[in-house]
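Enquirer: Taken in sequence, the protein lines are chains A and L.
If you read the first sequence in my numbering, its first letter stands for residue 1, the second for the next number, and so on.
If you read the second sequence in my numbering, its first letter stands for residue 1, the second for the next number, and so on.
Since the hints were made in silico from the structure, they are not lab data.
Here the structure is a predicted model, which is why all the values come from computation and not from measurement.
Any given hint might turn out to be false.
Said to hold, decoys possible - Okay, the calculated beta carbon distance ranges per label pair: (1) A/Asn286 <-> L/Leu54: 43 to 49 Å; (2) A/Met352 <-> L/Leu54: 30 to 36 Å; (3) A/Cys11 <-> L/Thr248: 15 to 21 Å; (4) A/Asn286 <-> L/Leu2: 41 to 47 Å; (5) A/Ala76 <-> L/Thr121: 31 to 37 Å; (6) A/Leu343 <-> L/Ser7: 27 to 33 Å; (7) A/Val291 <-> L/Ala113: 36 to 42 Å.
Unchecked claim - To spell it out: a stretch of chain A is covered by chain L in this simulated footprint if at least three of its residues, at any positions, have a beta carbon under 8 Å from a beta carbon of chain L; those stretches are: (8) 31–44; (9) 166–180.
Don't be surprised by glycine CBs; every beta carbon is placed ideally from N, CA and C.
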Amino acid sequence: MMITGILITICIELLLPVLMGLAVSLALGEIRSKLDLLAQSFVYGQIIIFALFQPIFVFAILKDYRFSKGAALFGAVLAVVLLTLIVVTFTGYRKDLVKTLKLKNMNPGIWGIAALVILGIMIVMSFLKAYYDGDDSYYVAAAAEGINSDSMYKKEPYTGDAILSPYRYLFAPFPMWIAFLSKLSGIKVAAVAHTMIPWCMILFVFAVMYIMSGYLFKDDSKKRGLFMFFVSVLIMFGDYSIHTPENFLLARSRQGKAALASFILPFMVFLIYGIIREFEDRKKVNPVRFVLILLTGFAGALCSTLGGVLCVSLTLTGALCMLLTYRKFKYPFVMAICSMPCLIFPVLYFVMR
Amino acid sequence: MLGTIMSVIKAYMGTGFVTVIFLLCLVYLVFTERDRVKRCVFIYMPLVVIIVFLCPLTYIFYGKVSEDVTYYRLLWLIPVTPVIAYAAVTYLSDIKEGAKKTAVTLALALFVAFAGKLMYTSVHMVKAENVYHMPQAVVDICDAIHVDGREVRAAMPEELMQFVRQYDPCICLAYGRQYLMAVYQEENDFRDAMIARDTYLIGTLGTVREVHYIIVRPGEEFEELPVNYEEYMRIDGFIIYKNTVVSTEV
């Protein structure tokens with residue numbers, strides 16, 4: 001049972017995002033190796049999954065659905081989107097996929113290997129070391145309660161009493177994502193949150209940084225390896241305060257704000273870089289990048305009520321800098337507009353609280 | 001106002017060495033980076049965020065829409081790690097391949113490592129006792145008082161409180177973490193009675209509130225049993241008292 005559960009979790013955490021993200025990776029191009037394809041698909045896919053999860057679960061919570069009904073609804077939508085994306089991948093991008101799969105993997109160099117070793121250490125340590133954080137008694141307990149009572153935000157996670165004001169948290173239902181993984185895998189919520197989420201979150205962060213290195217250094221694999229080495233050192237030694245994204249990643253990876261700080265926001269920086277880079281090189285931008293901005297905003301809103309606001313703030317900052325640099329209005333405007341829809345969740349919170 | 005903002009920055013920076021490195025990298029890139037896109041994302045964007053963050057109006061607005069204590073989260077918009085890593089690679093790319101480059105790379109990495117702090121040396125980071133990453137005593141106690149098919153209520157020592165409902169949501173708490181956090185300022189007379197060790201009040205309130213179990217730390221057992229409670233068992237040194245009036249039957 002436990003082994004089946006672990007396999008199911010690995011499939012949802014690794015295989016599913018890769019399948020979801022293949023079409024997006026191939027649509028954007030910029031793939032220099034098989035590892036690039038894998039890393040990009042992994043990240044894009046997870047962003048799509050989070051972006052679907054957020055509106056469906058907020059809707060389900062507001063409609064007072066049972067957790068299982070919300071999960072079934074999400075599962076159905078996810079299945080449809082997955083099938084559509086697979087069909088798109090194997091019909092629209094079949095040639096690109098075949099061509100990409102023939103690419104050779106790059107030589108990461110000694111520093112790239114060192115980065116991989118540090119990544120391995122972090123993953124192993126995520127199993128061996130525990131970080132006791134008081135906030136888990138809300139987030140993880142909310143997930144556990146979701147499964148136990150098949151309800152969402154009806155009980156105060158701290159005590160199990162009836163909840164007085166759920167609004168602070170229900171517009172960012174990241175705990176329900178943990179509950180969803182637990183429900184499908186049959187593994188206890190606490191084990192999923194503390195053992196199955198951390199290594200996956202570390203992989204997401206490394207994947208984001210890896211694809212960013214591809215945009216920064218193109219085919220120079222040694223520079224990419226060196227970049228990843230410094231990134232891994234900075235993450236591993238990021239405990240200079242308890243507020244840094246690195247600290248959140250390694251200490252509190254099962255909390256939505258950790259995903260926001262260390263995964264979603266750096267990915268948004270990468271997206272902004274990609275848009276400006278493509279505009280600089282080709283004077284036009286692939287619309288898929290703007291769709292990703294929109295989806296990343298939704299993913300940010302899933303992680304934290306403030307997440308949507310931070311994603312929009314970051315995009316507006318990028319749009320402003322692009323506008324001042326190029327004196328062209330169109331793409332910064334589109335970028336800003338595409339980031340806005342996720343504000344619906346914090347706005348709903350302010351209206352309903 | 002600016003003093004408050006500076007104190008937020010100070011708390012975020014910790015020792016401040018990594019922040020100094022980041023600022024040095026920013027200055028280095030200002031003078032060396034010629035690519036407009038990289039300047040835009042790695043120089044202008046962080047600068048805009050820093051300016052906005054330091055603006056008192058932002059702090060006032062943030063305080064209106066969220067809690068002041070989380071103001072530091074705006075600093076997450078600065079891509080500190082990519083900027084430092086990128087600046088380091090740019091600096092090193094000017095050095096020819098060979099022993100010198102390896103030595104400088106190692107020196108830079110060590111410098112960055114010593115400027116920061118290894119995550120695994122944190123006092124909060126402990127050896128995992130199980131897959132749930134919580135003290136084994138919590139798991140043992142929860143398993144002992146769990147009743148299939150119904151919820152039970154327990155009063156837990158403060159150090160175990162945060163784990164109980166993560167592991168087993170069928171166990172409700174007589175008082176939870178919110179009573180420990182000054183931000184909530186909630187009161188709970190049962191907890192007050194526990195702190196005062198008023199066995200009469202504990203027993204009376206515990207029975208009225210249907211607190212099936214009271215768990216106390218090793219060495220803190222009640223000299224006089226609370227009214228309506230009896231010693232049920234001892235697990236990992238913790239003493240479990242069970243209410244004799246309120247039933248735990250399904």
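Enquirer: Would you mind marking each hint as holding or not holding in the structure?
Expert: Do the hints match the structure? See the list:
Taking the beta carbon of each, A/Asn286 and L/Leu54 are about 36 Å apart, not inside 43 to 49 Å as hinted. Distance hint for A/Met352 and L/Leu54: a CB-CB separation of about 32 Å, consistent with the stated range 30 to 36 Å. A C-beta distance of roughly 39 Å is found between A/Cys11 and L/Thr248, which places it outside the suggested range of 15 to 21 Å. Separated by about 43 Å at the C-beta atoms, A/Asn286 and L/Leu2 satisfy the suggested range of 41 to 47 Å.
Checked against the hint of 31 to 37 Å, the C-beta distance between A/Ala76 and L/Thr121 comes to roughly 46 Å, which is inconsistent with it. At roughly 29 Å, the beta carbons of A/Leu343 and L/Ser7 sit within the given window of 27 to 33 Å. Evaluation of the 36 to 42 Å hint for A/Val291 and L/Ala113 yields a pass: the beta carbon distance comes to about 39 Å. With 0 residues carrying a beta carbon less than 8 Å from a beta carbon of chain L, the stretch 31–44 of chain A misses the three-residue requirement, and the given coverage is violated.
Taking a C-beta to C-beta cut-off of 8 Å, the stretch 166–180 of chain A contributes 0 residues in contact with chain L, too few for the three needed, and the coverage statement is violated.
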